[in-house]
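Colleague: For the protein sequence lines, the chains are L and Y, in the order given. Quick note: to get the working numbering, add 605 to the position in the first sequence (first position is 1). Quick note: to get the working numbering, add 1 to the position in the second sequence (first position is 1).
Calculated directly from the structure, the hints in this document are not laboratory data. Here the structure is a predicted model, which means the values were calculated and not measured. Any given hint could turn out to be false.
[Claimed, not checked] Covered stretches of chain Y, going by a simulated chain L footprint (3 or more residues, C-beta under 8 Å):
#: 1; stretch: 9-23
#: 2; stretch: 103-110
[To be verified] For lysine to aspartate or glutamate, the following DMTMM-like pairs were computed, each having C-alpha atoms within a straight-line distance of at most 25 Å:
#: 3; chain 1: L; residue 1: Lys710; chain 2: Y; residue 2: Glu85
#: 4; chain 1: Y; residue 1: Lys41; chain 2: L; residue 2: Asp632
#: 5; chain 1: Y; residue 1: Lys37; chain 2: Y; residue 2: Glu85
#: 6; chain 1: L; residue 1: Lys647; chain 2: L; residue 2: Asp632
#: 7; chain 1: Y; residue 1: Lys42; chain 2: Y; residue 2: Asp86
#: 8; chain 1: L; residue 1: Lys661; chain 2: L; residue 2: Glu608
#: 9; chain 1: L; residue 1: Lys710; chain 2: Y; residue 2: Glu54
#: 10; chain 1: L; residue 1: Lys647; chain 2: Y; residue 2: Glu54
#: 11; chain 1: Y; residue 1: Lys42; chain 2: L; residue 2: Glu608
#: 12; chain 1: Y; residue 1: Lys23; chain 2: L; residue 2: Asp688
#: 13; chain 1: Y; residue 1: Lys41; chain 2: Y; residue 2: Glu97
#: 14; chain 1: Y; residue 1: Lys37; chain 2: L; residue 2: Asp632
#: 15; chain 1: Y; residue 1: Lys20; chain 2: Y; residue 2: Glu57
#: 16; chain 1: L; residue 1: Lys647; chain 2: L; residue 2: Asp663
#: 17; chain 1: L; residue 1: Lys672; chain 2: L; residue 2: Glu662
#: 18; chain 1: Y; residue 1: Lys41; chain 2: L; residue 2: Glu610
#: 19; chain 1: Y; residue 1: Lys42; chain 2: L; residue 2: Glu610
#: 20; chain 1: Y; residue 1: Lys41; chain 2: L; residue 2: Asp688
Beta carbons: idealized from backbone N, C-alpha and C, even for Gly.
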Amino acid sequence: QKEVEQNSGPLSVPEGAIASLNCTYSDRGSQSFFWYRQYSGKSPELIMSIYSNGDKEDGRFTAQLNKASQYVSLLIRDSQPSDSATYLCAVKQLGQAGTALIFGKGTTLSVSS
Amino acid sequence: ETGVTQTPRHLVMGMTNKKSLKCEQHLGHNAMYWYKQSAKKPLELMFVYSLEERVENNSVPSRFSPECPNSSHLFLHLHTLQPEDSALYLCASSQELNSGGSPLHFGNGTRLTVT
Chain L
606 QKEVEQNSGP LSVPEGAIAS LNCTYSDRGS QSFFWYRQYS GKSPELIMSI YSNGDKEDGR
666 FTAQLNKASQ YVSLLIRDSQ PSDSATYLCA VKQLGQAGTA LIFGKGTTLS VSS
Chain Y
2 ETGVTQTPRH LVMGMTNKKS LKCEQHLGHN AMYWYKQSAK KPLELMFVYS LEERVENNSV
62 PSRFSPECPN SSHLFLHLHT LQPEDSALYL CASSQELNSG GSPLHFGNGT RLTVT
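Only chain Y is shown next, with the shape it has when bound in the complex (with noise of 0.2 Å):
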């Protein structure tokens, strides 16, 4: 398997659920990132990783949490969101997190949605 996947590709869960997104990229990449992408607004950067360790939180609630136990590997765990949260889940990766020409490879996304 190639490229970054993710898991699941739709979740639906209520405020006070617990539940984890998951992401691999199979790229062999040193950098990985958490997207949200809700309607009529830009992509934001959640969260970045490189080399496991977390380099950037973009002031993101403490109901998420994010999880790297390895360079391949990403999580996010949620808990009590609430509706405002229900977006596209995007993960990406890159080669290098500095290298100015490192584009992201995204997966194809969690689509959320909070009841």
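Here chain L stands alone, though its shape is the one from the complex (with noise of 0.2 Å):
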């Protein structure tokens, strides 16, 4: 069973500090690993995707990506209240028909001002 962990918090951090959101996946042959945010009611929208070792930047985001720790992370920098959702991790595998994302549980983050 492909599995996608993510731990559910709530995660609290302080306006304008970091916030490190961490996810594991046990398929091996995943090559693809994208980040979602999703307002509560809201459906997810794609904010990071990212396909090889090591950081991507965009904005405040930072994704990085370790295949050898099967381990993705989502660093926000100078976190708002506006960034207060959940993150969902999802995690795809090339070369199989018919595969679509595998997705974690979420991790809800709660940024005070």
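Put the complex together from the two separate chains, hints included.
Modeller: Structure (structure tokens):
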């Protein structure tokens, strides 16, 4: 059973701090990794994708991937109250017909002002 | 209109009712998906369609019946549901099914309550 694990939280950080969200996955063949943000009562929206080992930065967001450790993380710098949401880690394995994304349960982030 | 549109936004139905959820994507994508989101559980993949052909049925009970008449439209027909089927049903689309770099774009979902 392919699994994607996330700490459900809540993760509480003060405004302006760095929020660190972590995700581990069980399938070593996984090739594509995504972070989605989901506000309460809304649908998930894509915020970052990463495909190779290392860091990828986009504004205040940095995704980090370590395939050897089967670990992907999301850092949010200068956290804002508007970042308060559930963050979903999603993993995809190439080469399997019909395979879509496998999601973790999500980590709830709360940024206090 | 752009993106992925789902109707209705909310649906309450009895266990003996028959209803349908509708999804339409305006992104020119080739793959469409149904996901179920229940409280405290990960998003569960239900069905995958690529170019109108079903390529995955993730052990979903037969009381859920998908239909994909063309690459822009996806339906989920519901009949004789159970209270545990109450959840948020999300439709999504992606440019290509087997491309690793093709992320999902979600609709706003249908909040289903089975009484």
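Colleague: The structure should be examined with respect to each hint, and the outcome stated for every one.
Modeller: Status of the hints after comparison with the structure:
{"no.": "1", "hint": "9-23", "in the structure": "violated (count 0)"}
{"no.": "2", "hint": "103-110", "in the structure": "holds (count 7)"}
{"no.": "3", "hint": "Lys710(L) - Glu85(Y)", "in the structure": "holds, 18 Å"}
{"no.": "4", "hint": "Lys41(Y) - Asp632(L)", "in the structure": "holds, 22 Å"}
{"no.": "5", "hint": "Lys37(Y) - Glu85(Y)", "in the structure": "holds, 12 Å"}
{"no.": "6", "hint": "Lys647(L) - Asp632(L)", "in the structure": "violated, 29 Å"}
{"no.": "7", "hint": "Lys42(Y) - Asp86(Y)", "in the structure": "holds, 13 Å"}
{"no.": "8", "hint": "Lys661(L) - Glu608(L)", "in the structure": "holds, 23 Å"}
{"no.": "9", "hint": "Lys710(L) - Glu54(Y)", "in the structure": "violated, 29 Å"}
{"no.": "10", "hint": "Lys647(L) - Glu54(Y)", "in the structure": "violated, 28 Å"}
{"no.": "11", "hint": "Lys42(Y) - Glu608(L)", "in the structure": "holds, 12 Å"}
{"no.": "12", "hint": "Lys23(Y) - Asp688(L)", "in the structure": "violated, 30 Å"}
{"no.": "13", "hint": "Lys41(Y) - Glu97(Y)", "in the structure": "violated, 29 Å"}
{"no.": "14", "hint": "Lys37(Y) - Asp632(L)", "in the structure": "holds, 22 Å"}
{"no.": "15", "hint": "Lys20(Y) - Glu57(Y)", "in the structure": "holds, 22 Å"}
{"no.": "16", "hint": "Lys647(L) - Asp663(L)", "in the structure": "holds, 23 Å"}
{"no.": "17", "hint": "Lys672(L) - Glu662(L)", "in the structure": "holds, 18 Å"}
{"no.": "18", "hint": "Lys41(Y) - Glu610(L)", "in the structure": "holds, 13 Å"}
{"no.": "19", "hint": "Lys42(Y) - Glu610(L)", "in the structure": "holds, 11 Å"}
{"no.": "20", "hint": "Lys41(Y) - Asp688(L)", "in the structure": "holds, 20 Å"}
When each numbered hint is compared with the structure, violations occur for hints 1, 6, 9, 10, 12 and 13.
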